[in-house]
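Novice: So the protein lines, in turn, are chains A and B.
Numbered according to UniProt numbering, the first sequence terminates at residue 931, and the numbering increases by one at each position without gaps.
Numbered according to UniProt numbering, the second sequence terminates at residue 334, and the numbering increases by one at each position without gaps.
Do not take every clue at face value.
Keeping only pairs whose Cα atoms sit at most 20 Å apart, straight-line, the calculated PhoX-like set for lysine-lysine is [unchecked claim]:
| # | chain 1 | residue 1 | chain 2 | residue 2 |
| --- | --- | --- | --- | --- |
| 1 | A | 221 | A | 163 |
| 2 | B | 171 | A | 608 |
| 3 | B | 171 | A | 637 |
| 4 | B | 65 | B | 122 |
| 5 | A | 510 | A | 453 |
| 6 | A | 450 | A | 510 |
Simulated from the structure, these hints should not be mistaken for lab results.
Predicted model, so just to flag it, every value in this text is computed and none were measured.
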Amino acid sequence: MAAESSDSEEEDLVSYGSALPALQEGERIKKPVPLQEQTVKDGKGRYQRFHGAFTGGFSAGYFNTVGTKEGWTPSSFISSRQKRADKTILGPEDFMDEEDLSEFGIAPKDITTTDDFASKAKDRIKEKARQIAGVVAAIPGTTAFDDLIGPSKITIGVELLRKMGWKEGQGIGPRIKRKPLRQKPDPQVKVYGCALPPGLSEGSEDEEDEYQPENVTFAPKDVMPVDLTPKEDVHGLGYKGLDPTQALFGISGREHLNLFTGGSEKTSDLLGDLRHSKGRKLGITGQAFGVGALEEEDDDIYATETLSKYDTILKDEEPGDGLYGWTAPKQYKSKKRFETEVKYIGKILDGFSLASKSSAPSKTYPPPDLPRDYRPVHYFRPVIAAGNENYHLRKALEQSTGKLENDTTQQSRHTLNASQRRDRLGETVLKGPAPSVLEYLSEKDRERLKEVKQASEQQMKVKMLPQQSQNRFQPTSANDAPHKWQMFLGGQLANAGSSDFKPFARNPEKQKRYESFVQSLKQGQKDMLEHYLDPSMTEWERGREQEEFFRAAMFYKSSNSTLSSRFTRAKYEDDVDKVEVPRDQENDIDDKESAVKMKMFGKLTRDKFEWHPEKLLCKRFNVPDPYPDSSIVGLPKVKRDKYSVFNFLTLPEATTSVTQATNERIQQNNNLNKPKKPSRWDVSDKEKEKKDSISEFISLARSKVDIQQQPPVPMTEECGTETNETLPSETANEDKDQEESRPSMDLFKAIFVSSSDEKSSSSEDESDEEHQPTVSVINSETNKQVDLPDSSSSNVQENVTATTEPGLPLLPASKEELDVAEEFGPRLPPAFSSGPIQQQGPLVPASFPGPSRKEKHKKNREKHRTKRDHKHKKEKKKKQKKHKNKGKHKNKKSEKESSSDTEDSSDSLSDMDTTGLSPKELLRRLKELQH
Amino acid sequence: MLRRFRRRRRKRLLGGGGGGGGGGAGPGHGLSPPAARPRRAAAPPGAQPRVRAGRRARRPLQRDKSLKLWNPHKGTLLRTYHGHGYEVLDAAGSFDNSQLCSCSADKTVALWDVATGQVVRKFRGHAGKVSCVQFNEEATVIVSGSIDSTVRCWDCRSRRPDPVQVLDEAKDGVSSVKVSDHELLSGSVDGRVRRYDLRAGQLYSDYVGSPITSVCFSKDGQCVLAASLDSTLRLLDKDTGELLGEYTGHRSTTYKLDCVLSEQDTHVGSASEDGKVYFWDLVEGSLALSLAVGRGAVQSLAFHPALPCLLAAAEGRLQLWREETFEEGGDAPA
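Turn these sequences into a full structure, and let the hints steer you where they fit.
Specialist: Structure below.
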């Protein structure tokens, strides 16, 4: 599977086996089966069976029974008139398992080649070889398989030769007059101990005088052809495996240097043996014990070391070697090899022969004499970069070394980028769509934008200029942004506008504006930035476009555009334009803030959501899953358009959160579809500006739309049955009227005051008062405000006030910024300890009061405590009761707290600054308390 | 050193002893163990199984990346646990004292074996410093809160590398996390205390306004105590979210300081930036006690779950406060 899988790189690779299946996400890796549990079953699923009982099976029969589940059952007696019990003669097959009868069993029933169909004549050479191999091989009898494989044992050539009168063991060729030569000692003579080396027997051969009739011709000696097989194995040259003849027959004559029988030793041995093996048994000779079959035999210490074992003269052992006959090497006949033989002492490798003339000795040159002041240390030459200022230096270096390290052009070749190389090569620019950011918007959104734009334009022209002076954010955006951007862009600008980079290619006018913008930016004309913009555009559009250009100049470097030109737009869009947004958002914190200030904790500050815990988590907590049927995890989510601009801008959303009481209405009104997770400190000037402009934009847009759709609804706050759908109907126009139409204090009270408690109402008044100036000054609205753009801006405002660190611009998400961002939240308290403090661990801190005085206080306090503790316990019980009737316990509690309590508290307060009170006085007070 | 402080303690016992048995959070200045680095301390084996007070010693030295297990009563260092790449920010112990979990600025949560000192598992997944960590009751789940504004629940049983559930409702860093038998409580810098009720399948989000530094459940499970950066501790009713009490007087404007409830919910304690530990009466809201612990901010605070013992870390040292009459392993006099 892996090999076929498409990738062009992988096509070249060869893969063996089947690939492991890819791990699923979260899938556990299977445990390997332990060895003791790995069982073997045969083809029929029986446990641990390999063979039948007769074939040396692991188990005999069916679970060590015979054949069947019931075990061996005698054949039942049948006798009747019609059907006589026929005599069954049980053969061995009846007791065999099917494994025994199968292909490799003892009585195979499969079709095999038998000798009947093979040629009658036996290839005795092979047989001999097989016999030997069968004895030697690790698994005896493996060679028996050869019979099954080869249908015919003797080739047709041999068959023909045989018909011509050839016999095995003979050479091929005309018969010659020559006495037959023996290569081996007489096989009839049993060899005890070491076999005599063949040379010895040959030597003695001369003495034998045999009767040689003249007219007798002999067949030529059989010759092993020169082995011309190419070397394919990885063994070293001349390697051959252990010679079985040496190990088995104790033929130790091999240590005698035999120059001419190189590698064909083994076969010639076999041949030699073959000839005389009629009466001879195969087997191990020599020592019976202590030596393994393949071990080298110990020297026979009792053998007589005679001089005849050694060669006394150097001579050609012509008869002994196999190289004789019509295929024999030439030099054999002409005895020129004599002197070369003498030169070379050692084994000539198989397939090699000694060279007739020795090669000229290679000349050796002595190493050069080192100069006297030579020091064996290498130092590196300084690398000189190509450049004008380095020219002289390089020149000097060039002269000294004779050549320059690197060619200038060669070096710079690698520093070129793709477009530069393309220029040099004279290639044409790749045509491709250069996307603008706006193109990613969906058609619908674009239309909406356009519509909104048109609608807003008229209003803008009228309003924008006068408003601008009032707007608190506009000046910062006009002044700060370019500077900041300029700082940011910095050096990147150099190639920002280069060559083929057209981020706004769809809109040629805009592109033109952009280019001039980049030009001016490059020249550092900050003030000129405004001039390139379309004068017919509104202020807002200008600001937006300017920002867009900044961003484009920032992000769309030329490399990006070249890259993008190589890609085409996807034909079919993925379904990624939806984004999951939590269904319930935590409500806007404005009113919560006010509630907190009024200490109206409870319903006002609480949001309650449906939350789905993971099933496993419930399991781990030993809690039943509250939503056993749901597959949701976490807060329920809904899908919304991802690329809709209106999703990211702050828009009112029909909320689905809990609606029960009227005093929660405000919360709902202010419920926003906020951008995800606004952090306190990711607000920067940049974002401020953006948000503001956007919110303005939206408010304008909505005012336009709403004027057409609905008449303004006066005092929507007072209609208690108001539904969420009416929310967007609050218009921007109303926004202006908000100050006048703000509801009276009674409404506040009706909303915020659940009980007719004086204290809380007064506190509410207070907090309202203290709340109002801050909010109204900043936002020109109150917490009661329903209009969303403004509340979003108030949101911003709140964020701004909350930030303690100078905000960083969002755009370049650099590492630095991240590091800074990590330092948010309440910091961890600093570690004060230092080296010396560590050493003085047990010492009391300096600020500690002296132990003696402290002890007294402590004692007093403890006494005091115990009493109070009892009381607390009672109170606690009360409190828990109070929990049940909610709502009023707070007030009740304060009432119930008796005067003694206040005294107590004063006591405990006095406890705090104990330095002012003497312990005696404390004791006295305590006694008073007790009574 | 050890001998010295012991002698001192004995002296103190002699001098101050004999007084009537004090109940509640007895302000006995017990010992300040010779802790070069206040890491953590465990209660002696004879104590209650869930010795959370002994289970918390956060805030090592800046360079120290280890956890140290102390016996606070004897002041002996039992074991040091190495394996975090950055400073350790919080730690907690399992109910059977066999395991520890810790979290670090290296964005990991580690599960330790107490006896061997080896890291059993490391949970990676947080995108920022992990500021708080808790076991659940059976030590099968580790709940960790991080400045990446998520709370992650890690399964200790299976070998799953990713969290069981990620609670990403917080809009800002999570500064404190607590776990009860069926609830997760998280305090976030966005000024909200969120309570995830597993049994009811509900999320209760209480807005407090000021960034939350520490939250804890009361022992009876009815209330939630939240400390925030406006130098106020608030006791909120768990069911309704109503304010039951407010405790002020300490200073907490910058640092992530701990708040505790005493062993019988009688008192509310908080660390302060002026080097003291303040205790208020829970019901009255009046300041009951202020213990001067050190000069700088009190870095960590923990109360024994069953005994009137208080652990406070300041100035790089760990201090155990208890009554004079305290007997090891025994229960405090009523």
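Novice: All hints, please: hold or fail.
Specialist: Here is what the structure says about each hint:
Among the hinted pairs, residue 221(A) with residue 163(A) is consistent with the structure: their alpha-carbon atoms are about 19 Å apart, no more than 20 Å. For the suggested pair residue 171(B) and residue 608(A), the alpha carbons sit about 16 Å apart, so the restraint of at most 20 Å is met. Restraint check: the Cα-Cα separation between residue 171(B) and residue 637(A) comes to about 17 Å, which is no more than 20 Å; the hinted pair holds. Taking the CA atoms of residue 65(B) and residue 122(B), the gap is near 15 Å; set against the 20 Å cutoff, the hint holds.
A threshold of 20 Å between alpha carbons decides the hint, and for residue 510(A) with residue 453(A) the separation of about 17 Å falls inside it, so the pair holds. Annotation: proposed proximity of residue 450(A) to residue 510(A) holds, straight-line Cα distance about 16 Å (limit 20 Å).
The structure meets every hint from the earlier list without exception.
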